[in-house]
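Engineer: Here the protein sequences line up with chains A and B, keeping their order. Take the first sequence: its letters are residues 2 to 329, numbered as in my numbering. Take the second sequence: its letters are residues -14 to 616, numbered as in my numbering.
Worth double-checking, as some hints may not be accurate.
Partner residues aside, some chain A positions facing chain B, computed with beta carbon under 7 angstroms [stated by the list, open to error]: (1) Val161; (2) Ser327; (3) Leu328.
List time: in silico EDC-like cross-link candidates among lysine to aspartate or glutamate, alpha-carbon distance up to 16 angstroms [unchecked claim]: (4) Lys136(B) - Asp135(A); (5) Lys136(B) - Asp159(A); (6) Lys155(A) - Asp135(A); (7) Lys170(B) - Asp551(B); (8) Lys562(B) - Glu608(B); (9) Lys155(A) - Asp190(A).
It should be emphasised that the hints constitute simulated quantities derived from the structure, not laboratory data. No residue lacks a Cβ here, since even glycine has one placed at the ideal position from N, Cα and C.
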Amino acid sequence: MLRRWAAVVALAAPAALLGGCSRGMLDAHGPDAGRIATLWWLMFGIACFVFIAVLAFLAYALFHHRRGPAHFDQHPLSAMVFVLTSGAAIPLVLLIVVFGWTIVVMAETNTGLGDPLTIDVTGHDWWWEVHYPDGQFTTANEIHVPVGREVELKLTSDDVIHSFWVPQLSGKMDLIPGQTHSLYLEADDAGTYRGQCAEYCGIEHAHMAFYVIADEPAQFQQWVSAQQQPAFQPTDPQLLAGQQILLGSACVYCHAVRGTNASGTVGPDLTHLASRDWIGAGTLENNAENLSNWVRNPQDAKPGNAMPPTQLDDDSMKALVAYLQSLR
Amino acid sequence: MATAAGRLDRTWEAPNILTRVFATVDHKELGLRYIGTAFVFFLVAGAGSLVIRTQLAVPENDFVSPEHYNQIFTMHGTVMIFLFATPLLVGGFGNYLVPLMLGTRDMAFPRLNAFSYWVYAFSGIFLFASFLTGNAPDGGWFAYVPMTGPKYSPGDNLDFWALGMIFLGVSTTAGAVNFITTIFKLRAPGMSINRMPLFCWAILVTSFAIIFALPPLTLGASMLEMDRQWGTHFFDPDNGGNPLLWQHLFWVFGHPEVYIMFLPAVGVISTVIPTFARTRVVGYLLLVLASVSIGFISFGVWVHHMFATGLPLISLSFFSAAGMAIVIPSGVQFFAWIATVWKGNPLWRTSFLFALAFIVDFMIGGFTGVMVSAVPFDWQVTDSYFIVAHFHYVLVGGVVFPIFAGLYYWLPKMTGRLLDEKLGILNFSLIFIGFNLTFFPMHIMGMLGMPRRVYTYQSGLGLESLNMISTVGAFILGLGVLVFVWNAVQSILFTGEEAGENPWNASSLEWATTSPPQPYNFRDIPVVRSRDPLWDGPDARRPDWDPGLSQPHGGRRESLGTTVLDAKTEELLTMPKASFLPVTLALAMLGLFLGILVDSMIVIGIAAGVGLAAMALWMWPTEDEQEEALA
Chain A
2 MLRRWAAVVA LAAPAALLGG CSRGMLDAHG PDAGRIATLW WLMFGIACFV
52 FIAVLAFLAY ALFHHRRGPA HFDQHPLSAM VFVLTSGAAI PLVLLIVVFG
102 WTIVVMAETN TGLGDPLTID VTGHDWWWEV HYPDGQFTTA NEIHVPVGRE
152 VELKLTSDDV IHSFWVPQLS GKMDLIPGQT HSLYLEADDA GTYRGQCAEY
202 CGIEHAHMAF YVIADEPAQF QQWVSAQQQP AFQPTDPQLL AGQQILLGSA
252 CVYCHAVRGT NASGTVGPDL THLASRDWIG AGTLENNAEN LSNWVRNPQD
302 AKPGNAMPPT QLDDDSMKAL VAYLQSLR
Chain B
-14 MATAAGRLDR TWEAPNILTR VFATVDHKEL GLRYIGTAFV FFLVAGAGSL
36 VIRTQLAVPE NDFVSPEHYN QIFTMHGTVM IFLFATPLLV GGFGNYLVPL
86 MLGTRDMAFP RLNAFSYWVY AFSGIFLFAS FLTGNAPDGG WFAYVPMTGP
136 KYSPGDNLDF WALGMIFLGV STTAGAVNFI TTIFKLRAPG MSINRMPLFC
186 WAILVTSFAI IFALPPLTLG ASMLEMDRQW GTHFFDPDNG GNPLLWQHLF
236 WVFGHPEVYI MFLPAVGVIS TVIPTFARTR VVGYLLLVLA SVSIGFISFG
286 VWVHHMFATG LPLISLSFFS AAGMAIVIPS GVQFFAWIAT VWKGNPLWRT
336 SFLFALAFIV DFMIGGFTGV MVSAVPFDWQ VTDSYFIVAH FHYVLVGGVV
386 FPIFAGLYYW LPKMTGRLLD EKLGILNFSL IFIGFNLTFF PMHIMGMLGM
436 PRRVYTYQSG LGLESLNMIS TVGAFILGLG VLVFVWNAVQ SILFTGEEAG
486 ENPWNASSLE WATTSPPQPY NFRDIPVVRS RDPLWDGPDA RRPDWDPGLS
536 QPHGGRRESL GTTVLDAKTE ELLTMPKASF LPVTLALAML GLFLGILVDS
586 MIVIGIAAGV GLAAMALWMW PTEDEQEEAL A
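Just chain B, with the same shape it has in the complex (with noise of 0.2 angstroms):
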């Protein structure tokens, strides 16, 4: 047994550190680093949102000048979304952990995914050194024309944004694909499409959506880069072009995107609420159908951010009823986590809490959703602080809150230590409290008349005090994630207690490994018979397992591929080793998006060459397909 698992080592570790640095394909190193850097990203997004709070502090304030201010606004949104939660929440949870409980050893195209991550990483510094030149995109994290177009905003600012968009939707796209075969052809033999976990469910239709509402954005940023540079005027009403064509691109995408946040949260939620509360979830088969039905109705509402436009009443009034209609699957997820708690025995952890947490708060969110889907009341608030609290009540409550489980939740699995509850809790605590204090008084300032977006506000509005409470909020709030930071590095490096296998005794495949696993996931690949594996398997507490792949075969990395719908076995998978391709790419195509942005054939000619070489030899086939096609 030794020297299989050594074998195993052998075949699956990368073998030095250059390699394991630049060129490795393993799933789980990827994960981690999508959430180390989307967490940079996080904090950097977070630590602007505290400038946003004391320069609106008080009334007339100038601690930042307005170019300044709407620079960190249009940065504070288009991170947090783009290079925080996305990432985090898809390319970190969803990379680290859907191959682990589907009980295979990588993801379908491990180079892709590699692709992805170098994609993602160099986007996200694309995006960011527009602050080296001064110029940060200030346009609102949905840009509208014709302000963002080559009149009104001469600058490189929104350059950078829209080839930044384009550029990240590479990535996006690349991932939602990987995952999509992934979930549909590499779970473990027995995994019928009935018993896979609830989050793998919220990363395949999260992967849907991406591949349906990514196009338009692209599409979108593209028209705008062309008008910017190429003097089109797809968007320039001096010369037959539309602005609205850009919102309804824009939001085509845009809204969406909030479930695409949206739906991985739910599915962290799903695999928390029945591991703390002890039981096998309810309505299993409902949190599915929820979810996909979300997915769905999340492509018929993108108008509902456009009421005050002044498009015809009876379009307006479908788009009022398909906002609300997401109510229903949305109080069928909340009602089989309720059941969930009530049929089981609650564990109280830091993880439980942030997910009674998201709750709470989401409900909130639910509410003005739903308010604000009532066209005539959308009127009065749209584009006021009331959608600023009613998005942050959305996206902290329904998405950050659900990161936070996360972490508390699989941070021992992948790192191997607990996190201190002490810490946790503290921790908790300041989140909750802060972030409550924060956005809810933004509702009444929304309500009394404040604009969002504005970088000050006059006195005598009866905003002082509000604005007041939300800072000191804010404060509140940063102090939380701090304590969160301090938590996760004095846990993890020094004090945290060993994790073990399985530390809340889980149901799922990810706890049947040591934390962390190895490169190979699974020694034998395990054999699902349920929904709840680890709690059904024969020796209590284990699958069963499939011992044919413990042996690699003539030092080939292998794992199984299996039917679509029944995960009957179908065939022996030989996966990639580790390749420098994948990091060649994203830095040939960084390089074409730069030659773009300071418009220079030269650079753009050589980025393009490199690029076109390293996918000849990525498609150059390997030994075995030569073989293969040989005989």
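For reference, chain A alone in the conformation it holds in the complex (with noise of 0.2 angstroms):
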């Protein structure tokens, strides 16, 4: 009995660890996660009771062989059936239960049913550019939905595999070169969900994070709009100064500032730069100090990523800083 209660708390431990934290996948702030999530549950409970049950049979065996049957040695029948009872037609009875959720579940998932939001994401070593077809504006790595709103992701790659996982709203796909799949999700309450990339796709593998911001529907229309404009234009002599810089060296090779003549298409668009809260996907908060490290050196916080350093004196970072700053 001792031992079934030992078994008991060291289940249930970690079952609650995982009930209580946020951000995992049984945080579920979608319908897909939350369906995965009962199945867990559905298959959590069924593991945990077969191996208490199991494990209190080998213990039995094991301190009650006396009381064991010899017969299984006389009559090898009956040790059959004993063993196909308890380790065939057993678990084919759950088997079959989990199954059959599991195709319930299935079929539930991630199926368009009509009229979404359609986004691209192209995953590139090792950032997400996001396009809105019917907004026509690309951004990078955050990608802004509307609450309650069925969104299709269309996802493909640049270069090699990648998947997309945002575990609090539903499961994965991979994002495939030469390929497009779909993946449908919805967010359920306001707020910001953190993915991941999950497939290893190189040395950067680690840092290739996003986050998905789900807004209420007035809020998501403001950011569309917002998003749809070209770059702010100074005036100021120093952000026109730090627009210069930018414009007057190897930056625009790779990125695009929507209306002016930056429009490289390698790294992520820097049109509204300073509305994403994180840069280098996912990696730095995005705040001038953070800014000003990563160009001097993008491979200090991040090895091996594409971007070059970039030898400035102080006043020109600076200027630069406040315009890439000032890009709302």
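Both chains are given apart, each in its own frame, so use the hints to dock them into the complex.
Structural biologist: So, in structure tokens, the structure goes:
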């Protein structure tokens, strides 16, 4: 009995920990993640039950062997019946339950019900390009969606295979070069949900995070209108100087700032960089210090990424960072 | 009798040290080398895992650079699977034990067996040589294209990997052919197929699985190497290639590979449990059928590694069902073992403890296995730390624990010395506690959103304490392995008790000869009348013997060939003697692969010439065969 209680405690502790922790797949904020969490709890319950039952039986077999069935030797058939009942028949029944539930959840998960908001997401080494075909604008690493509306993410990759995963909203879908696959998701509540590339994609796989930001519909519309605007055109001399530094350097070969002649597509679009919370695909918070460190040497925080270091004197760096921070 | 034994010795022993080291064809010598070599690889790859855990102990750590981290986790997986678990179980235990358990004197093709070992050793050296160039493979153990193609991995790293896989596959395949022939044709008279030890059944099923599973890997690795070296575009999506083709080819191999490691491990458990329960195994027929059906089903599950690649749902549901179906034969095995324990009277030894730990931890791996067969749940946890936890429960709980059970069980036979039981229990406790502490928290990390193969993680995601626990566990586990090494060295070389012929009172034929056995294994060939020949012999605890081969005829190495099903005596076999050809041919192949790696036609030409010459000599008829042809 003591043994059994010990097992219950041992299993319940991590379960409580899981349930209590935020951000995980069990802290579901979307219908798909919710269904999958329910499937988990069903399977977890069955697993605990079987685990305890088998261990209890094993312990009984080990310590009460003298009362054991000596007749297994005389009647091999009874041994067969015992083994097949407990090892095949009972598991079969449990498996049918699990498989049935799996099929039901599978049929309801990742299915488009009609009229979704479409967003194209393209994986790059090691960041996410996010394009809104309706709004006709492009951003990076932060995906805004309206609460309560189905979203169809059209996923593909520009280089190697990546995988899109926001545990609180839905399961994964791989981004495969040459193919486009859809992932349907929906957020039930406003909030910021962290995601990360889940398929090993090279040296900076660890720093390929992103955020899905679920806004109330009105707020979402506001955000869309703001993103559709071309970049802020400064008049302040320091900001103008910063803009000239950006436009006059190698930055423009890789980055785009809509409304200027910076139109590179190798790296993230910077048109509304300051509206984003993170830089380097979720690597650093977007603030002045991190921006200037990043521009000075991006290889410090994210060694191996494609962006080269930039030599600038302090004043120029200040001006550039100020300009970047004005790109709301 | 003394003279007869003396003549047998002279016939079977290697005449000098050079022959013994480089030309031996003795399955026991080769088996021990497999075990030793594989264990060294285990220690190296284990040290790699400690580097991984140190790097992950705290968030945003910079203990190793991302390049090195990626090389280390790739080599950890590749080495543990290809150079440790499979070779130790199949090459090591299989080679050493199968001929002894079958009551014969060697493998069916002893020189091929030596060739398998040398190819294994050289391909291991080939893979590790990559560290000398600083370009160890870094594509993960399944090396997904296009990341591993020429465009995104221009260095030599993946060439070492792909060529190493092709090279090693030769060894594994040759070994499998040898086992199938040995098991079908060389069993002792009377050992009909339904009396064969369960470990031999496991090796038989595994060998068939190897023969069908290896070609897709060899094909895939060859296509990858052609893409990389000669500009083909099999996997290049920019030129009409398809990256998913690689995944199919790899996993058609990769999933059966899991069972190629697991089935022999199950064979060990089915051997150890009846011995320490001191009773006949319950459900022999069911255990055999379970092994065979797992072998078959394992070929129908590969897509469950690809649930998130956007394949049609209807095919996913098929593979989901096939994945879950494996529970049925596994459940049958579990309850056959439990019933055996129940019927018996346990003898508590370290080996038995590892077998019990296998039941506990492999069961957890089995549960998570069913969970990841449930497609929607897999969409959440695939490629996360949950999967890392899952397959370590399967491969450490389900394969490494049985390997330790087997080492404690059979090292006394192989060395003549018992391992120390006190150190054994310490060894067991550290490994069991360390293992669970390391890997159980990983389930939770994965469900919290930590992807696998990340060299670091951010703070504030709730992952700090779990990762720290896991790292502490890994070092406890590592300490447990060192205690084993200490125990083995001390017991075998210095203080171990004499094992005697049959220290555990086990029932199979390897215990019916000296520890360690003579080069010819058995002076007389045993005659088998039941599944447990040492428990049912007329002279208690001894089998019957057929003395016909106790005197070698004309200095020939002789053994008996028997029929496939009933093991009726069919022919007298003359076995080959020690030969330098296997090591020569294996060296030539090493040269060939090095030549391809550095793209040098001269090296390739010389190596191919030497290899062809060695093969020609190998095929050259012996004097006996020439006489036979003339007569």
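Engineer: Is Lys136(B) close enough to Asp135(A), meaning Cα to Cα at most 16 angstroms?
Structural biologist: Not satisfied, since the Cα-Cα distance of roughly 34 angstroms exceeds 16 angstroms.
Engineer: Against chain B, with CB atoms and a cut of 7 angstroms, does the hint on Val161(A) hold up?
Structural biologist: holds (4 angstroms)
Engineer: Is Lys170(B) within 16 angstroms of Asp551(B), Cα to Cα?
Structural biologist: Between Lys170(B) and Asp551(B) the Cα gap is close to 10 angstroms, so the pair holds against 16 angstroms.
Engineer: Taking only the CA atoms, is the gap from Lys155(A) to Asp190(A) under or equal to 16 angstroms?
Structural biologist: violated (22 angstroms)
Engineer: Is the interface hint satisfied for Ser327(A)? The criterion is a beta-carbon contact with chain B at less than 7 angstroms.
Structural biologist: violated (28 angstroms)
Engineer: Regarding the pair Lys562(B) and Glu608(B), is the alpha-carbon distance no greater than 16 angstroms?
Structural biologist: holds (13 angstroms)
Engineer: If you draw a straight line from the CA of Lys155(A) to the CA of Asp135(A), is it 16 angstroms or shorter?
Structural biologist: Judged against 16 angstroms, a Cα distance of about 13 angstroms means the pair holds.
Engineer: Taking 16 angstroms as the top limit, are the C-alpha atoms of Lys136(B) and Asp159(A) close enough?
Structural biologist: At roughly 13 angstroms apart (the allowed maximum being 16 angstroms), Asp159(A) and Lys136(B) satisfy the hint.
Engineer: Using Cβ atoms only, decide whether Leu328(A) comes closer than 7 angstroms to chain B, and label the hint accordingly.
Structural biologist: Violated, because the Cβ-Cβ distance from Leu328(A) to chain B comes to roughly 25 angstroms (cut-off 7 angstroms).
Comparing the model with each earlier hint shows violations of hints 2, 3, 4 and 9; every other hint is respected.
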